[in-house]
Every structure is written in structure tokens, then in C-alpha cells.
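Asker: Quick note: the sequence shown uses full-length UniProt numbering, first residue 1, plus one each step.
If you are wondering where the hints come from, they were derived from the structure by calculation, not from laboratory data. Any given hint might turn out to be false.
[Claimed, not checked] Straight-line alpha carbon distances no greater than 27 Å define the calculated DSS-like cross-link-like pairs of lysine-lysine that follow:
1. K257 x K197
2. K224 x K257
3. K224 x K186
4. K186 x K197
5. K224 x K197
Note that the structure is predicted; figures quoted are calculated from it, not measured.
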Amino acid sequence: MANAASNRISGLEPSDGYVQSFARGLEVIRSFSALAPSQTLSEVAENSGLSRSGARRILLTLQALGYVLSDGKRFTLTARILDLGFAYLSSMPIWNLAEPSMEALVETVRESCSAAVLDGTDIVYVLRVPTHKIMSINLGVGSRLPAFCTSLGRVLLAGLSESEMLDCLRQSDRTARTAHTLTTLKDLTASISQVRKQGWCLVNQELEEGLITMAAPVINRAGKTVAALNISGQANRTSARVMQDRMLEPLLLATRKVSQLLGAPPS
Numbered sequence: 001m002a003n004a005a006s007n008r009i010s011g012l013e014p015s016d017g018y019v020q021s022f023a024r025g026l027e028v029i030r031s032f033s034a035l036a037p038s039q040t041l042s043e044v045a046e047n048s049g050l051s052r053s054g055a056r057r058i059l060l061t062l063q064a065l066g067y068v069l070s071d072g073k074r075f076t077l078t079a080r081i082l083d084l085g086f087a088y089l090s091s092m093p094i095w096n097l098a099e100p101s102m103e104a105l106v107e108t109v110r111e112s113c114s115a116a117v118l119d120g121t122d123i124v125y126v127l128r129v130p131t132h133k134i135m136s137i138n139l140g141v142g143s144r145l146p147a148f149c150t151s152l153g154r155v156l157l158a159g160l161s162e163s164e165m166l167d168c169l170r171q172s173d174r175t176a177r178t179a180h181t182l183t184t185l186k187d188l189t190a191s192i193s194q195v196r197k198q199g200w201c202l203v204n205q206e207l208e209e210g211l212i213t214m215a216a217p218v219i220n221r222a223g224k225t226v227a228a229l230n231i232s233g234q235a236n237r238t239s240a241r242v243m244q245d246r247m248l249e250p251l252l253l254a255t256r257k258v259s260q261l262l263g264a265p266p267s
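The task is simple: from the sequences and hints, build the whole structure.
Answerer: What follows is the structure in C-alpha cells.
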């Protein structure tokens, strides 16, 4: 994590358009995760790529602002940090528009529905309408997953230009999550090409054994893919064929409704 953090801020010099101290503060916040929810000063410094003194100043600032708590040895984020993420959500009316369609979709197919956007090589969940827990991964708003092995991710990658899509795949950690995961550029580009042609994506147990998901794009007025919606099901209850036959049309109807609310022409 430290190397990744260092790479993000290396080579960038303070200027009128770049405030280094602010960038370092964001790296400190990003150092906290589900795997590291509570950290010592040394751990924060290591994970954010900063010196102990630099990390300490930022942590004390965040503590004074109410974003961090400390017991004297370890630091944790407070719920106030959610304000930063919710500022994004509240500034994007798309999610207010999408939620009723997602709720109607869940009511129809009786499976969970999620909305996500692309951020680097990951997808970020921005809205979820669950039915019940079907994954061992605990997902919520703000959760991140690799784009290459998820239906949401492949739909979002299909919305990029060919060069942007290839760059994203090359930068991805394409480690196989299951025996079914596509990992080669050849296989992934073929899959994404098929997504572009058909307008939706089904991923069968590539992220997690027993999990099948199907996604379709949300399009804006300019015809650009700005998000994706998916539905998730259990392989022992719903086969890939049954999901496609029974749930594809309701999913496409939901994404068309949201897209039209964003000004996309009727398809």
C-alpha cells in the first residue's frame, strides 16, 4: 500500500494547481480500510508513504476536525468521514433518479441490485438495494472491487475507448479470484467486445464461487456510459441461463428508465 501511495504523489511538485499537504492528507485517509480499520502512527506512516512526523501532523489535524479518533496509541476514522463521500452522492442526482427503478427491479426479480461507477481499475458501489446477503464479501456504498472480473466493471470498461480500456486492463491486478476468472488480455478484451455488441454482461462465478451477476449500462444525454446497474444471484439457486432468460429484460428496462431520466434518447 505504501508503494501505491508513494506512486500517487511522487513526481508531483507543489504549485498553484497542486497542494501537496492536501494530497498527503487524502493519502492518510485512504490508508484506512476494512483490512486496517485501526492503525498506529507507524502503520499510518507506512501505509500512506509518509514520514512519522508528517503522518502525525495530519492525524492530529483530522482528529481536531472530528474525522479521526485516538486512544493514545491507535487511530480510527469516525463516522464523520462519511460526509466526504455523501457530498459526492448528494451532488449527483442520478442516484436519486436511479433508486426507484432499482427498487422496482428488486421487487420484480427478487435479487439484489447495485449501482457502481468506475474509478481507476476498480468499481465503486454508489447505491445498493439488497434482498439478503449472498456474498461472503461485505459490500456497501463505497465498497470497491476489481473491474476486470465483475459484470459492473466490464460494462463500465466497455463504455471506454479501446485504448482506455486496454490501459485499465494492463494496470489491473488480474489475479484469478476463482477457477473461472478470466485473466488474460485476450480473453478479457474478447469478453468486453461482446459486452459492447450486446449491451449487457453476465459474469458467472469469476469474482466468487457461487455468485452470478448480470449488468447493463446507464447512459447519459451524450451517449456516454456514466454508471452501471447489476443484479446478483446464487448459482445453486439460479443458473446463468435462468438469470439471463428471466432477469435480463427487467434489468434492461431499469437501465433504460434511468438513462432516459438523464436525457438519453429512447433505445
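Asker: Hint by hint, note whether the structure agrees.
Answerer: The hints, checked one at a time:
For the given pair, K257 sits about 20 Å from K197 by alpha-carbon distance, which is consistent with the 27 Å threshold. With a CA separation close to 15 Å, the supplied pair K224 and K257 stays within the 27 Å bound. With a C-alpha separation of about 25 Å, the suggested pairing of K224 with K186 holds against the 27 Å cut-off. Straight-line distance between C-alpha atoms of K186 and K197 comes to about 17 Å, which keeps the hinted pair within the 27 Å bound.
Pair hint K224 plus K197 holds up; C-alpha atoms about 15 Å apart against a cutoff of 27 Å.
Every hint, counting from the list given before, is met by this structure.
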